[in-house]
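Use the sequences and the hints to build the structure in full.
2 protein chains.
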Amino acid sequence: MRPIIAMIDERISLACGSGGRAMHALLEKVIFPRLNNPLFQGEEDAALLPLEGATLAFSTDSYVVSPLFFPGGDIGRLAINGTVNDLAMRGAIPRYLSLGLILEEGFPLADLERILDSMGQAALEAHVQVVTGDTKVVARGQADGLFVNTSGVGLVPPGIAISAANAQVGDSLILNGGLGEHGIAVLSQREGLGFEAEVVSDTAPLNGLVAELLSAGEGIRALRDPTRGGLAASLNEIARSSRVGMIVEEEALLIQPAVAAACELLGLDPLYLANEGKMIACVHPAEAGKILSRMRGHRYGQESRIIGRVTADHPGRVVLNTAIGGSRIVDIPAGELLPRIC
Amino acid sequence: MRPIIAMIDERISLACGSGGRAMHALLEKVIFPRLNNPLFQGEEDAALLPLEGATLAFSTDSYVVSPLFFPGGDIGRLAINGTVNDLAMRGAIPRYLSLGLILEEGFPLADLERILDSMGQAALEAHVQVVTGDTKVVARGQADGLFVNTSGVGLVPPGIAISAANAQVGDSLILNGGLGEHGIAVLSQREGLGFEAEVVSDTAPLNGLVAELLSAGEGIRALRDPTRGGLAASLNEIARSSRVGMIVEEEALLIQPAVAAACELLGLDPLYLANEGKMIACVHPAEAGKILSRMRGHRYGQESRIIGRVTADHPGRVVLNTAIGGSRIVDIPAGELLPRIC
Chain A
26 MRPIIAMIDE
36 RISLACGSGG
46 RAMHALLEKV
56 IFPRLNNPLF
66 QGEEDAALLP
76 LEGATLAFST
86 DSYVVSPLFF
96 PGGDIGRLAI
106 NGTVNDLAMR
116 GAIPRYLSLG
126 LILEEGFPLA
136 DLERILDSMG
146 QAALEAHVQV
156 VTGDTKVVAR
166 GQADGLFVNT
176 SGVGLVPPGI
186 AISAANAQVG
196 DSLILNGGLG
206 EHGIAVLSQR
216 EGLGFEAEVV
226 SDTAPLNGLV
236 AELLSAGEGI
246 RALRDPTRGG
256 LAASLNEIAR
266 SSRVGMIVEE
276 EALLIQPAVA
286 AACELLGLDP
296 LYLANEGKMI
306 ACVHPAEAGK
316 ILSRMRGHRY
326 GQESRIIGRV
336 TADHPGRVVL
346 NTAIGGSRIV
356 DIPAGELLPR
366 IC
Chain P
26 MRPIIAMIDE
36 RISLACGSGG
46 RAMHALLEKV
56 IFPRLNNPLF
66 QGEEDAALLP
76 LEGATLAFST
86 DSYVVSPLFF
96 PGGDIGRLAI
106 NGTVNDLAMR
116 GAIPRYLSLG
126 LILEEGFPLA
136 DLERILDSMG
146 QAALEAHVQV
156 VTGDTKVVAR
166 GQADGLFVNT
176 SGVGLVPPGI
186 AISAANAQVG
196 DSLILNGGLG
206 EHGIAVLSQR
216 EGLGFEAEVV
226 SDTAPLNGLV
236 AELLSAGEGI
246 RALRDPTRGG
256 LAASLNEIAR
266 SSRVGMIVEE
276 EALLIQPAVA
286 AACELLGLDP
296 LYLANEGKMI
306 ACVHPAEAGK
316 ILSRMRGHRY
326 GQESRIIGRV
336 TADHPGRVVL
346 NTAIGGSRIV
356 DIPAGELLPR
366 IC
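Residue numbers (this note's numbering), protein chains in the order written: chain A, 26 to 367; chain P, 26 to 367.
To be clear, the hints were calculated from the coordinates, so they are not data collected in a lab.
Accuracy of the hints is not assured; some may be wrong.
Claimed, not checked - Derived CB-CB ranges, DEER-like:
1) A:218 x P:285: 55 to 65 Å
2) A:359 x P:146: 29 to 39 Å
3) P:182 x A:321: 45 to 55 Å
4) A:310 x P:146: 42 to 52 Å
5) A:348 x P:75: 44 to 54 Å
Just so it is clear, CB atoms sit at the ideal spot from N, CA and C, and this is done for glycine as well.
Given below as structure tokens:
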């Protein structure tokens with residue numbers, strides 16, 4: 026495996042939160058060693074834990090998205106779906122969520138009400154219940170409006186073993202739709218770029234789609250939702266954890282025209298943009314057809330497609346076969362990317 | 026029950042996070058109704074949830090304490106102990122914690138390392154494991170250094186039924202030591218008041234003490250750790266939830282001379298100051314002696330004492346019998362109190 030190159034400075038940089046190389050360096054060099062215990066699972070979307078003979082999944086995410094409201098969603102819907110999805114990516118059935126609010130003094134009550142209403146609706150759609158919470162308020166200027174934490178628990182049905190470390194050579198890579206919609210929707214809203222009318226966030230709960238996938242049978246090895254750092258970060262994470270290579274076919278990737286236009290204008294690569302309703306599934310190639318057709322029957326899986334495969338070559342690396350017949354390495358993102366996208 | 030009087034303005038005030046009346050109004054009028062579901066347990070320190078025949082306890086807390094380092098602890102130790110204690114207050118055995126970090130760009134790496142080391146030690150002492158985490162970074166000026174969220178899960182042993190709603194008339198009220206140490210330690214450090222040398226935070230994991238309490242036998246009805254809003258808020262919350270009155274004997278309360286001196290100087294009431302290693306236990310009066318002696322044998326229970334009793338009179342109200350022979354109502358705190366104490 027390639028080591029993560031040290032990019033840690035004496036002070037935290039924005040890049041430390043971007044899902045790319047600097048964040049991985051911070052996690053692996055500073056945070057993980059200090060929380061070291063046999064059950065620590067910082068590399069996974071959720072930890073799996075033995076509890077009274079069952080397997081509990083447990084996950085946490087803080088949400089600092091700016092602006093709080095964007096086309097297709099808001100911080101509330103994002104916070105419910107994001108944690109639901111992290112649990113689902115381990116094959117768990119999400120059940121209960123917690124809600125931690127950090128409010129800045131002066132935050133408009135009407136905005137809080139709107140966000141909480143949105144959370145209530147998202148929880149209903151995702152079949153989870155918010156069961157416990159905490160509210161803190163800091164003085165003006167000490168936070169930026171509202172930060173949200175949701176943590177979640179769920180149960181993993183017996184016999185399910187899904188992990189970023191379980192991808193195997195020959196596996197098919199399935200993606201359930203287009204790339205970059207969340208990232209462009211938030212960025213466009215924040216900067217007033219004019220794409221807000223055309224591009225809406227894909228934020229969605231994926232636990233229903235995962236249930237479809239699992240009901241299609243055996244052969245599901247790894248799932249990951251490509252949020253911060255995009256498809257590039259998620260595929261690299263799976264490739265590193267599983268010590269395998271990956272080949273992605275550019276022609277198989279779906280990118281909406283408005284997303285492509287925004288990327289061209291802004292010099293962004295859709296492979297690195299955040300998604301909030303997408304997932305990559307590494308599945309046994311013999312099962313891929315059946316799984317794909319099952320996924321396409323689900324509301325959030327209609328555009329599912331095979332985008333590539335797992336290889337024995339170049340372990341730990343992701344290679345893109347480009348539409349014009351070349352190939353290039355899709356590295357883990359290095360720089361600052363887009364801050365506060367989730 | 027007395028209704029909570031509306032104190033909600035069109036914008037969030039600092040008082041909305043202080044543990045007093047404004048926070049309760051925000052919770053009861055704005056937040057709880059929107060998260061309404063049969064399992065929502067916002068009034069309790071942790072939610073109890075059915076899971077595969079077992080009872081799971083689940084709790085969350087965000088920590089925004091300022092300064093991050095204070096006599097007796099830091100935000101890391103506070104974040105581990107606080108969530109451990111919230112689980113323990115339902116009779117659960119805390120097991121697994123999540124860690125959500127929101128960092129401000131420019132935050133010193135050395136401070137982060139020191140805080141994480143402190144968390145690791147606190148987790149070891151409390152016999153819990155941090156199993157999953159999340160790290161976000163926001164730009165300079167968009168947060169104040171570091172905010173931490175810890176959520177936690179644990180299991181409630183069969184036969185345990187501890188709730189703020191279970192106090193019964195005649196119960197004894199036990200408190201495990203002195204009041205106000207955490208609040209004065211943080212305030213003194215923040216404002217440079219000069220009490221830092223004498224008063225240290227009482228932050229401590231209380232799950233071991235709760236285990237002692239439970240092993241003493243039946244008759245434990247309600248537990249609560251008097252953090253934000255202090256003893257006054259916690260007793261009022263139990264009195265309201267259980268629809269009972271309470272009488273507290275001022276002479277039974279332990280207040281360190283330096284805490285008393287700081288309170289006198291600053292015009293603060295130690296009944297309203299935050300504690301981070303204290304708990305109130307409502308127990309059957311016939312069991313109180315046995316429980317008390319068991320608690321006194323524990324490291325964090327040596328100063329345990331009976332401070333009062335539960336009455337049928339004045340349901341929902343807490344009355345203090347003062348040292349000079351009078352009595353006064355100890356109301357739920359109303360105003361702003363001390364911000365960012367936890």
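Subject >> Earlier hints that do not hold, by number >> reply: none
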